[in-house]
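Listed below, chain by chain, are the residues.
There are 2 protein chains.
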Amino acid sequence: MTEPATALAAETRELVLTRLIDAPPAKVYRAWTEPELLKQWFAPLPYTVPFAELDVRPGGVFHTVIRSPDGADFGGRGVYLDVVPGEKLVFTDVYEPGWHPVEKPFMTAIVTFEDEGGKTRYTARARHFTVEDRLRHEEMGFHEGWGKATDQLEALAKTL
Amino acid sequence: MTEPATALAAETRELVLTRLIDAPPAKVYRAWTEPELLKQWFAPLPYTVPFAELDVRPGGVFHTVIRSPDGADFGGRGVYLDVVPGEKLVFTDVYEPGWHPVEKPFMTAIVTFEDEGGKTRYTARARHFTVEDRLRHEEMGFHEGWGKATDQLEALAKTL
Chain A
1 MTEPATALAA ETRELVLTRL IDAPPAKVYR AWTEPELLKQ WFAPLPYTVP FAELDVRPGG
61 VFHTVIRSPD GADFGGRGVY LDVVPGEKLV FTDVYEPGWH PVEKPFMTAI VTFEDEGGKT
121 RYTARARHFT VEDRLRHEEM GFHEGWGKAT DQLEALAKTL
Chain B
161 MTEPATALAA ETRELVLTRL IDAPPAKVYR AWTEPELLKQ WFAPLPYTVP FAELDVRPGG
221 VFHTVIRSPD GADFGGRGVY LDVVPGEKLV FTDVYEPGWH PVEKPFMTAI VTFEDEGGKT
281 RYTARARHFT VEDRLRHEEM GFHEGWGKAT DQLEALAKTL
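Just so you know, the sequences run in chain order A and B. Throughout the first sequence, residue numbering follows my numbering, covering 1 to 160 in sequence. Throughout the second sequence, residue numbering follows my numbering, covering 161 to 320 in sequence.
None of these hints come from the bench; they were simulated from the model. Any given hint might turn out to be false.
Result set (DSS-like, lysine-lysine): computed pairs, CA atoms no more than 27 Å apart in a straight line [stated by the list, open to error]:
#1 Lys318(B) x Lys104(A)
#2 Lys88(A) x Lys248(B)
#3 Lys88(A) x Lys199(B)
#4 Lys104(A) x Lys264(B)
Now the in silico label distances, taken between C-beta atoms and shown as ranges [as the list claims (entries may be wrong)]:
#5 Arg57(A) x Gly277(B): 48 to 54 Å
#6 Asp22(A) x Val291(B): 21 to 27 Å
#7 Leu295(B) x Leu20(A): 49 to 55 Å
#8 Glu263(B) x Asp151(A): 48 to 54 Å
#9 Arg30(A) x Arg227(B): 32 to 38 Å
#10 Arg296(B) x Leu160(A): 47 to 53 Å
#11 Thr178(B) x Thr123(A): 41 to 47 Å
#12 Arg30(A) x Gly277(B): 44 to 50 Å
#13 Glu274(B) x Glu34(A): 34 to 40 Å
#14 Pro245(B) x Tyr47(A): 41 to 47 Å
#15 Gly277(B) x Asp115(A): 38 to 44 Å
#16 Arg57(A) x Phe234(B): 55 to 61 Å
Positions of the beta carbon are idealized from the N, C-alpha and C atoms, including for glycine.
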């Protein structure tokens with residue numbers, strides 16, 4: 001088997017954001033899993049989230065609509081692959097609900113919430129099939145977009 | 161949303177084998193989920209299966225090695241996505257264990273075991289990302305290979 005080579009190749013196809021959030025994991029996890037909370041932070045303002053459906057279990061739908069300042073809607077739909085309540089969420093656009101592969105899959109997200117003295121070591125990973133997809137995601141503004149959204153996530157979690 | 165179009169497009173990317181197997185679902189399911197049993201039927205003779213590791217839970221590894229009559233080994237590794245004991249198995253080569261997307265994913269398999277008067281309505285679906293991949297899988301001998309293996313599966317399940 002070629003574990004190390006695979007792992008190395010995988011690294012170059014991954015984008016990572018990590019942050020120490022000043023709220024406990026349970027609250028950050030709530031903000032990720034309750035639709036009415038997710039809608040308040042998931043898109044970096046002035047983008048908004050008018051719709052969110054989150055069926056938080058393996059195979060359940062993860063569906064959000066992000067609205068741009070000029071009113072254009074961008075739907076994102078996929079499924080959860082793995083859920084460890086309070087600790088980890090894995091979801092992807094590879095499948096429509098019912099395990100139907102889509103024609104152009106893009107990414108798989110892994111979000112972990114670890115307790116660090118009452119705060120949350122928050123890590124969000126976006127894994128891609130190719131290096132090209134990873135670069136495209138960076139160019140689309142992964143770091144800035146997810147960074148701003150994470151500011152909003154932290155601000156919200158502190159109020160819960 | 162474009163559900164109907166998506167479903168239609170998905171159909172053309174799917175290969176299906178269905179069969180009424182003369183053994184109850186519990187036995188056919190055992191033959192799919194116990195490595196020592198799977199090794200006895202999973203490759204159509206004269207191909208053999210010298211190795212099988214089956215961690216039958218979402219995210220768990222599905223790993224088999226198929227050996228050709230002239231001794232060449234073909235590894236197949238992926239993960240389970242969904243497991244309904246006795247009823248349904250979903251697994252794919254899209255991910256290595258740990259939710260690492262591979263660079264060239266090929267298929268997702270959905271196998272269902274339904275009771276039909278003490279026999280098993282057995283359905284195995286192979287879903288692909290593209291019509292090209294589905295055609296390639298057909299040309300690789302999906303129907304003949306899976307058909308012969310299913311004969312072997314039935315013969316084994318009847319002895320359990």
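Here's how the hints hold up against the structure:
no. : hint                              : in the structure
1   : Lys318(B) x Lys104(A)             : violated (42 Å)
2   : Lys88(A) x Lys248(B)              : holds (25 Å)
3   : Lys88(A) x Lys199(B)              : violated (34 Å)
4   : Lys104(A) x Lys264(B)             : holds (13 Å)
5   : Arg57(A) x Gly277(B): 48 to 54 Å  : violated (32 Å)
6   : Asp22(A) x Val291(B): 21 to 27 Å  : violated (50 Å)
7   : Leu295(B) x Leu20(A): 49 to 55 Å  : holds (50 Å)
8   : Glu263(B) x Asp151(A): 48 to 54 Å : violated (33 Å)
9   : Arg30(A) x Arg227(B): 32 to 38 Å  : violated (51 Å)
10  : Arg296(B) x Leu160(A): 47 to 53 Å : holds (50 Å)
11  : Thr178(B) x Thr123(A): 41 to 47 Å : holds (43 Å)
12  : Arg30(A) x Gly277(B): 44 to 50 Å  : holds (48 Å)
13  : Glu274(B) x Glu34(A): 34 to 40 Å  : holds (36 Å)
14  : Pro245(B) x Tyr47(A): 41 to 47 Å  : holds (43 Å)
15  : Gly277(B) x Asp115(A): 38 to 44 Å : violated (53 Å)
16  : Arg57(A) x Phe234(B): 55 to 61 Å  : violated (34 Å)
In summary, the structure is inconsistent with hints 1, 3, 5, 6, 8, 9, 15, 16 from the numbered list given earlier, while agreeing with the others.
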